[in-house]
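Participant: Sequence:
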Amino acid sequence: MASVSGTDRLDRPAALLFATAGYLTVAPDYLGLGTGPGRHPYVHTETEASASVDAIRAAHRFAARSGQRLTGEVMVSGFSQGGHAAMALGQAMGQEPTLRLRALAPISGPYDLSGTEIPALFDGRVDPMIGAFYLAYWTLSSDRLYGLFDTPSQVFRAPYDRTLPPLFDGAHSEPEIIPALPASPDLLVTPEYRARLLRPDDALRRAMDENSATCQWRPRVPVRLYASSADREVPVDNTRKCATELRLRGAKVTVTDLGDVGHMTSPIIALPGIVDWFRHLTSTTDRGRLGSSEPFSSWVPSGFGGRQDEDGLHDRGCLNGVARCRRHLAAPAREGQTHTAVRGAVQAALRVPGILAAIVLSWERPA
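The sequence shown begins at 1 in this note's numbering and counts up one residue at a time.
Think of the hints as simulated: they come from the structure by calculation, not from any bench.
Please note that the accuracy of each hint is not assured.
Claimed, not checked - Restraint ranges, calculated between C-beta atoms of paired labels, are given here:
hint: 1; residue 1: L198; residue 2: E96; range: 35 to 43 Å
hint: 2; residue 1: D201; residue 2: A64; range: 46 to 54 Å
hint: 3; residue 1: G36; residue 2: P166; range: 53 to 61 Å
hint: 4; residue 1: E176; residue 2: K252; range: 39 to 47 Å
hint: 5; residue 1: T163; residue 2: P97; range: 45 to 53 Å
hint: 6; residue 1: L198; residue 2: R218; range: 27 to 35 Å
hint: 7; residue 1: R69; residue 2: D201; range: 51 to 59 Å
These numbers were taken from a predicted model, which means no experiment stands behind them.
Glycine included, every Cβ here is placed at the ideal spot set by N, Cα and C.
Sequences are here, hints too, so could you generate the full structure?
Facilitator: Structural data, given as structure tokens:
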């Protein structure tokens, strides 16, 4: 699993949830995150997929040494950047003859950079402070890959052209970076760069297009996309656009609106239902080894209802009234309750034995 996990992150509780359901679970670091060297290529399709494939290969070697027999099927989920990575991994697995994709269940991913996520930074759909963080991170990361600017002053207003680049070196945390940011993307970037973002030139167009293509393929497995219509970090239109792209190519896709909740609440609501779905899929080919048949979602208190566009899917979940700090700086006093739903499902899962398949959780958020 990921080499570093803070107390306000769901990386490890999510990995435990799937692992205790009886699956070999892989929750990889992406390049430059965790204890890995270098700077992270933020929301970069190719490296998200390669890191995940490498982790699956390592897990297979580990399982073989441990005497575990795997089915070879891989079910994939992920949240936020991990939702983007989940789609990237699903596509990359078509080039891996020893691995068989079984299902995809991404949550709240920024799949559509050019048409949704970047325009939303400036039109009010994304929380302004969060938008400034995302835009600075993506711009500096993409410049190393695509050459977006010659000097930081071409894209960032003073004094951010001098103060921000050193903070995105892979060694500084969000609590160190956020106070150094302005209150909105418009206060962060120059008018010229803002115009370029909304009407991309060659370098920006390539950076956006190459990393907005994770839904431009045909999965030949069932896909369930989860998102919240009230998300102020990764707007739900990312998910709607992804579903449209997949369906145009003949994929079977279900979209679940997780309700009037924020970005960081969406995985808490979606996760138990995803575990139930994965267990149902594996039970059709390995019936009788799943242990308790009680749904994981039944352990999550009701309070928020998911709305689904087809196939009758309905997820339940509850945040218990706890909101994550918008500015990524400090958790509220009752922050510990945020993980209530996941903890309850993990406790239920402890009764479910057996390793049935490999599940990859592409779950990272920026360090």
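Participant: Given the hint of 45 to 53 Å, is the C-beta distance from T163 to P97 inside that range or not?
Facilitator: 48 Å, holds
Participant: Honestly, do L198 and R218 meet the 27 to 35 Å range at C-beta?
Facilitator: 30 Å, holds
Participant: At the C-beta level, are L198 and E96 separated by a distance inside 35 to 43 Å?
Facilitator: The hinted range 35 to 43 Å holds for L198 and E96, with Cβ atoms some 37 Å apart.
Participant: Tell me if the beta carbons of G36 and P166 are separated by a distance inside 53 to 61 Å.
Facilitator: The hinted range 53 to 61 Å is violated for G36 and P166, with Cβ atoms some 20 Å apart.
Participant: Kindly confirm whether 51 to 59 Å is satisfied by the beta carbon distance between R69 and D201.
Facilitator: Given about 53 Å between the Cβ atoms, the range holds.
Participant: Mind checking the hinted window 46 to 54 Å against the Cβ distance between D201 and A64?
Facilitator: Distance hint for D201, A64 holds at roughly 49 Å.
Participant: Has the hinted range 39 to 47 Å been met by the Cβ atoms of E176 and K252?
Facilitator: 44 Å, holds
When the structure is compared with the earlier hints, a violation turns up for hint 3 alone.
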